[in-house]
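> One-letter residues, chain by chain:
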Amino acid sequence: MKKAIDKIPMESGINRRDFLIRAAKAGAGLAAAGAIGYFLHDPNGPAPATATEKSPLALPDFSVPEAGRKIAIITGADRVKSVNTGIQALGGIETFIKKGDRVLVKVNAAFASPPALCATTHPELISEVVRLCLKAGAASVAVTDNPINNPESCFALSGIGEATQSSGAALVLPRDTLFTNMTIPGTSFLKNWPILSAPFKGITKLIGIAPIKDHHRSGASMSMKNWYGLVGGRRNIFHQDIHTFIRDLAIMVKPTMVILDGTLTMITNGPTGGSLSDLKKTETMILSTDQVAADAAGAVLLGKTSGDLPFLAKAEQAGAGTLDFESLNPIRTTAA
Amino acid sequence: MKITVVRRISQIFFFALFIWFCIAATFGQSFWQLRGWPVNWFLQLDPLVALGNLLTTRALYSGLIWAVATVVLTLILGRFFCGWVCPFGSLHHFIGYAASRGRRTPEKIASNRYRHAQRIKYYVLMVLLFASVGGFASQLMDSAGLSPVIPFLVLLVLSILALIFRKSALNLKSAVTVLFVMTAVSAAGLFARLDGVVAASLQTGLLDPIPLVYRSVNLVLLPLSDSAIQFTSAGQRHYEGTWLIAFIFVAALLLNLIIPRFYCRILCPLGALHGILGKYALWRIGRKRGKCSGCHLCDSHCEGACQPNEQIRIPECVLCMNCIHTCRDDLIGYNTFRSTSGEIDSPNLSRRGFVIASVSGIAAVPLLRIDGKLDRNWNPGVIRPPGSVPESEFLNRCIKCDQCARVCPTNVIQPDGSKSGIEGLWTPTLNFRAGSSGCQMNCTACGHICPTAAIRPISLEEKLGRGPFEKNGPLRIGTAFVDRGRCLPWAMDKPCIVCQENCPVSPKAIYVKESFVTVREGVLQTGKVSGTVVEIQKPLLPADRFGTGDFFVAAESGGIVTRRRVMANAPSSITMEQELPPDLLRQDRKSIELQVRLLLPQVDPERCIGCGICEHECPVSGTRAIRVSAEGESRHRKHSLSLK
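Protein chains in written order, with my numbering: chain A, 1 to 336; chain B, 1001 to 1644.
Since the hints were made in silico from the structure, they are not lab data. Predicted, not measured: the structure shown is a model, and the values here were computed from it. Note that the Cβ used here is the ideal one computed from N, Cα and C, for glycine as well.
Between beta-carbon pairs, the in silico distance windows are:
#1 A:Ser275 / B:Thr1518: 36 to 42 Å
#2 A:Ser197 / B:Leu1221: 28 to 34 Å
#3 A:Thr334 / B:Ser1225: 52 to 58 Å
#4 B:Val1533 / A:Thr305: 20 to 26 Å
#5 A:Lys98 / B:Ser1530: 51 to 57 Å
#6 B:Gly1467 / A:Arg234: 37 to 43 Å
#7 A:Thr305 / B:Asp1375: 53 to 59 Å
#8 A:Thr50 / B:Ser1572: 30 to 36 Å
#9 A:Thr305 / B:Pro1380: 41 to 47 Å
#10 A:Asp61 / B:Ser1225: 40 to 46 Å
#11 B:Phe1013 / A:Ser275: 48 to 54 Å
Please construct the entire structure, taking both the sequences and the accompanying hints into account.
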């Protein structure tokens, strides 16, 4: 302050030096104001929203051509034995998982409910599949899902989080940043829609593991509907045309293998269940490289036919697989 | 080591511990998450929480017993909690210190002089405490007038007065006055039913610094930092009305720029309580000998503004111990004897002020309740967490610390802004849109963290109505209602039933009625029929619209309707799943109807528990087409819908 006061000339009259400095500073101010006005003036206001169609982007095809189209239907009450027998029947784990493969396992962890209620993929089954993959030389295994209930609660209560981590796989929680807007070619609804895409980075094999459950709207929740958990956003609006949407999911995902767990099948009150009385001992495990065939075989356990499940025919039409699973000559054996 | 260094270490330790407890109150299984960390400890140490609850519930719930330790230490040491432990106090201390750096000593001395405004906090305390004594008062009147407990109560009141006023109130004159007032109140109870009017409400949490700082850190600072680093939660957590919580927190901190420890000195009801309790402390700050030169240096860093160089004001002293070291003549110490320059050991309120504050406190509650929020005008939008006690008792227990909102894994528990009036400000209510799901069936976290049992620590068995609770059925927090004007199948003929799918109850509380509805312009004039293909003459259909699996062709004959699922359609033809029976294909048939199969959701009030998952999942994303309100909640029989 003191310094400024000193500069004020004691008598009136213009001081050239002071005037020139002030004039230069004022000029700089004028130039800045003018430049802001000139460069930042927006005469039109915001433009109307235009649909920015993302260039179509498909998820990779994870199927193994040399494994062929096969289905195994295993009888047995022990999930671990059944899945081992089933994978053996399809040609052994080595057919699917090669050394250095990076495997993503998409489970159904939709609800915060204990494993005994079978609303989610059973943790034993996940542990065993992870173990087999790592044994076959997989470089890494990750387990993911975008559940309906609170993700942390779902993975904790369903036992999936614990099973994943103790078996040596990585658990991927569906954080907002892991979704990207994608447009899946050939689909009706997956247009510029958030997909849980980050966990797919570097992945070479994809295994879907789902329980067989009653589902009022679509008729059944099995391996194709399990891909619903790769979709983000307010995905519930797709229930308005759920059969077409499940077909879209089958177009989007080409898995290495799907595993359908019908050891206990939720035949009523699905897909949440909530009581042991909603479950029926069906003691069956279905493994297939063809997701449509697997679901068609799973429908039998729910006492349903393809006529009850229009999404099966739609998925077949879209080329996702074969509705007539018997034509694949299912390998039927008992778990040992 | 200087005693002030020890004090600083203590402050830093307790502040870090507090922040750690805030972080550890995260639902989860990692070591740093909620696995037995005593995250409520500071609330439990807080004697104002304990005293408030004691007044309203006549009991010290669970860990509130810790407050006894604080009281005992305060009775011996003085107001140590404010200067050594309180995390909010430490924040003020630090900001006040930082703000006064670079100020000249006379300015510092001026900012730390005693102000009459420091009496405000005692009035704040009186208003808040007297708002919670209504229960006692009504008991006094209820027990048929002149009850034998009166002499004991007289003694109690006298000793409280003695703590507050400068002169001893333990004299005959005041005893007679108090006895007279109490007898009059009891006698009044004989003639008028005053017990219905006088009620208690625990409002200490509005300004009690411990709930305040928990609330501010947990609901404002943590979500703010998590929006960037996502450490304590995977996604952004939302809390309603945080502007007010944040405003009070920031304003309290900024006021340190004007007066150091503004909040502690002028507003803090807990500081006031500690000040009163410390009146007879065995150790106290004071002059130990000799004559003071009057340099006022001791004031320059005095945290309590208690004028240690004159007659020290004991209730204002927060034991910062700075004066011991700033005194150049080493005249001040922490002694067992009273200050040689004399001391003022009570807040010295005016009798008039005391009466006004106490009557305001007592009168505030019945006055607020004229709004009928606890009666016929109860707000069904106030959905309390599962295990909450009935509303009037809830308001007697809840200290607005919002630990439940912090721990709730789905973030549905929200601090209330306006739904339950000022009495319910920041109390927990559920908002199923704000959270990441509804109230999770297998979760009882809120009841187990609640420090005052406003939400009881229920077991899973009790929540789900299993085992010994089978007879009671599950705990309900409300009931879902379908808004048929907004629901996609009800209002717009679009298939949906997301609510039914997500209902977690078994058997589901949401069930469906099947209905076939003819679509708009769905009466079709038919042409040739060949096999499963029907030609349509009028109107033209939008191509590929009806092959979704949800549409049917309906043909009626002799009162019997036969339906065939539509597999595909072109503008003027429909392919059906199966052929129509031959008798329906008569030549004179002119039209068929195109129908959509709808499943219409219905709620079974006997089964619905009000968890709100349906509301959260409803695809009508604005005002949901199915919404939970508090009707049917277990804690109030009078809100029940059920006949049972």
